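Since the structure of chain A is already known, use the hints to place chains B and C on it.
Chains as they are written, first to last, in our numbering: chain A, -2 to 366; chain B, 7 to 104; chain C, 190 to 542.
Worth flagging that the hints you see were computed from the coordinates, not collected in a lab.
Nothing here was measured: the structure is a model prediction, and the numbers come from that model.
Virtual Cβ for every residue (Gly too), placed ideally from N, Cα, C.
Honestly, I wouldn't trust all of these hints.
[Unchecked claim] With a cut-off of at most 27 Å between alpha-carbon atoms, the simulated DSS-like pairs for lysine-lysine come out as follows:
id, chain 1, residue 1, chain 2, residue 2
1, C, K449, A, K(-1)
2, A, K40, C, K449
3, C, K220, C, K335
4, A, K124, C, K341
[As the list claims (entries may be wrong)] A partial selection of chain C residues facing chain B, derived with a Cβ cut-off under 7 Å:
id, residue
5, E395
6, A458
7, A461
8, G462
9, I541
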Amino acid sequence: MKYLSEYRDPTLARALIGQIRQSASRRWTLMEVCGGQTHTIVKQGLDELLGESVEMIHGPGCPVCVTPLEQIDRALALAAMPNVIFTSFGDMLRVPGSECDLLQVRARGGEVRVVYSPLDAVALARKNPEREVVFFAVGFETTAPANAMAVWRAAQLGIRNFTMLVSHVTVPPAMTAILDAPDNRVQGFLAAGHVCTVMGWTEYEPIAARYRVPIIVTGFEPLDILEGIYLGIRQLEAGRCEVENQYVRSVRREGTVPARTLVERVFHLVDRQWRGIGTIPMSGLALREEFAAFDAELRFGLSEIRASEPTECRAGEVLRGLLKPPDCPMFGNRCTPEHPLGAPMVSSEGACAAYFNYGRIRQRQHAEV
Amino acid sequence: MCLGIPGRIVEIHQDEGLAMGLVDFGGVRREVCLAYVEDQVEPGDYALVHVGFAIAKVDEHEARRTFEALRQMSQLEELDWMREVADRSLDAMSGGPA
Amino acid sequence: MATTPLIDGLTCPVPLTSTERVQLGHGSGGKMSASLFRERILPHFDNPALAVLGDAAVFRVPATELAISTDSFVVSPLEFPGGNIGSLAVHGTLNDLAMMGARPFCLTAGFVLEEGLPFDLLDRIVAAMAAAARRADVPIVAGDTKVVERGKADGLYINTTGVGVLHVGARPGPRGARVGDAILVSGPIGRHGMAIMATREGIGFETGIESDSASLWPVVAPLLHRFGPAIHVLRDPTRGGLASALNEIAQASGVGIELKESSLPIPGAVQAGCEMLGLDPLYVANEGILVAMVPEASATAALECMRADPLGVEAAIIGRVVAAHPGFVVLHTALGGTRIVDLLPGDQLPRIC
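Next comes chain A alone, as it looks inside the complex:
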């Protein structure tokens, strides 16, 4: 596939690995923000191949993992309502709420459907005017333009039976929250390439300057990650702390302006709770009042639903990079993808699931040695 497969070339990957090893005078600590990047790193064994030169800490870039328990419970309540068709991206179907997950709600008779695009949910609403169609709008800034367009379109077409349960989060406040923590060890970041495709990178310039950390806008294929790590280390070795763009084929400094414009039109910034981390001010998106008619929380009166997190899951420490999943006492025994204690084990992008699915063999080998 063009502009995708070339970035998996093993020869070029080995060259980049060589460059990284050559340029690192010590072991640096970088954080890749996005779950998709974590996925590539663990799936390709990149951390294993770079072990001496860089420690990769996996960041909270998994919107599924950070969706608050309350919001999951609200989704489950909606899905169980008889007249509702609950639509969602596939990622959310196995995330555990306080008592069950969407798949179990489906088994009990709730109508739950996976869609690929929010516009599919709008089309479904149009086709089924006598049903209520709810869409679970989870994501970072990457998905906000799509969700914004869904609402815009529904408004334009006069569709009255479509609402969204919104659980959007934004990246920069999470990065500063990590950098502000007293036990922070992160020396540089690989910023989320697709978030920056939409938003550009201007928001990261003040962060790089204030905290004196290099921030490399990085893609998702093995060559992208390796090149991003290389550029990050090169800056650290030279004592620089700038925003640099590795993902040049997709990202421009100003992002995609029409997308940002519509997102700002439809959503506004609010304080948001991040599962496992806590409330981060002005880190979430909510529908503007003008579009209140498309807000599922308002239409279905869900604000009464509250939930408290089980205390034993240490997802917060994992999401902040303080705990490696295999070092969690529950990892692999009480907490597995089949019976997860928290979201990072359930979501395919979650650090715990990535380690469980791809990385366990090394833990075993190290243990055997």
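Then chains B and C, alone, in the frame of chain A:
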């Protein structure tokens, strides 16, 4: 966030005022909303697609340029240890030390 | 929707029999049932055992060791690129027998039909079953038809049971893998699952991918003939894909499995569809390929043997059985890294993240 893949725009049309297009992803085709890149793209261009929306045009010129730089760097690399890495993984494949 | 008779649902001494859809009456055992069978099913499956129309089929058993397998098919949609539920039902059970090293020699077919199923759709499905059975030279000798109320079946469900004769001396099975064995696959992976996925509402996409549904006996027979007991394992990786099948074998045999990513035959369109939906081809269902494990020394010959059949032209050696990490499947990536290929807790779901 994550799953965005590049596809080639095959044709563009309006669907009740919304710019849509047929995009080809290496042999698989799907309808994609082109509203956010409408002014920048024409059939034959590549766009990055996430959840059925084109979120940016792929800059083919930039892509080629940096790929060339990578390729040149790889040709200059003659470090012994790199061969060692390659040999190690071949070893693992042929049943050598695990 | 076809026009329904005015008396639909009422008991009437003179039922309208010239309708275009299955009705509850077709399951009642009376004239309508008889005519459904005689007109819509028997002509397709026609063979001496079935033509007797007894309560059971009678035939001579050619050997004393037999294999028997049963499977039910509930796939939706009923028709998909490359086949339909009917051809799938025949191929699936024939393959279960073949994976045991058994030559299939007869099949049964049980139908649960949903009230309202259009006859022309039923005809296409039954015709496809008959064609698949004929190609394999395996008669469908017994069967059953039931009709359930609208909404109680997804159009129709099919059960097929097959009986086969075990090849003398060969006992391929999930516990047969031995350290040092080479692992072969007979063709490209991921076609059936992606062909189905492409039709799903809300997820669908256009593609030329067709299901690979096929009877694998023509690939298996020469292997058994030539290598006999040296065929340690045969397995068709259906639901859960190659990854699930290999995990089950690794666990059953108590061995480790190592795969080479660059050796896996994956069609470009399958790869593209998987990229789009965030799926891993290793977990996508197949219906027309098999995995074989044979001693290293026989690997090249076994590969040639597979490639001699049209179904096996893209056969490849994809890995080996090892003593390390018993019960686990490990993939060596093209980049030189390794990762575990584990069993998934449930179905693979499309993702955006």
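Q) Which earlier hints can't be squared with this structure? A) Checked against the structure, no hint fails, so every one of them is satisfied.
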